[in-house]
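Student: According to my numbering, the stretch in the sequence shown is residues 6 to 139, in order.
Honestly, the hints are just simulated from the structure, not real lab data. From a predicted model like this one, the values you see are computed outputs, not experimental measurements. Every residue, glycine too, gets a C-beta built ideally from N, C-alpha and C. It is possible that some hints are incorrect.
In silico DMTMM-like cross-links for lysine to aspartate or glutamate, where the CA-CA straight-line distance does not exceed 25 Å [as the list claims (entries may be wrong)]:
#1 K79 / E39
#2 K61 / E39
#3 K38 / D28
Have a look at the derived ranges for each label pair, beta carbon to beta carbon [what the hints assert, rightly or not]:
#4 T72 / D28: 18 to 24 Å
#5 E39 / R76: 16 to 22 Å
#6 Q30 / G128: 30 to 36 Å
#7 D67 / M42: 18 to 24 Å
#8 G116 / K38: 19 to 25 Å
#9 V88 / G116: 15 to 21 Å
#10 P58 / I84: 28 to 34 Å
#11 R50 / T130: 28 to 34 Å
#12 G116 / G47: 29 to 35 Å
#13 P68 / R121: 16 to 22 Å
#14 N35 / P58: 19 to 25 Å
#15 D67 / L117: 28 to 34 Å
#16 E48 / E114: 14 to 20 Å
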Amino acid sequence: MKGLFSSLFAFLKPVSVDSAGPDPQAASTNAAKEWLMLMDRGEYRTGWNEAAPSLKTAQPCDPWTDTVATRHGKAGKVIVREVTGFRLRPARTEDALHTAVVDFRSQYEGGLMKERVTLEHVGGTWRTSAYSLG
């Protein structure tokens, strides 16, 4: 039985706080907020350029920026945004060490919206790998 548990736990790799910085929740949440400010200012191409390699590989710049611009255009300007959830897990890509998911409740001129920013810890920096607004 002891061997079974040892084998099971060998596959479960805990998220190392040290490799994601001293406070991965604060660091990734701050990175998500800074990146969202680019979206709020309509700097969609800059947001794509600063994103994780996995986002750039999955979605070319022009279609991605067009989609985000359309969604933000319908929502209007953001009035207030608050963090409503956070999760940290091992990354799914070879390039990233960890993935953080930060959920927001955001009041836009067009109404209350949920936003989710998924970030990957790549090369010592938290970078956006996915974004949803709805």
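Student: For which of the previously enumerated hints does the structure constitute a violation, in increasing order of number?
Tutor: Per hint list: 4, 6, 11, 12 violated.
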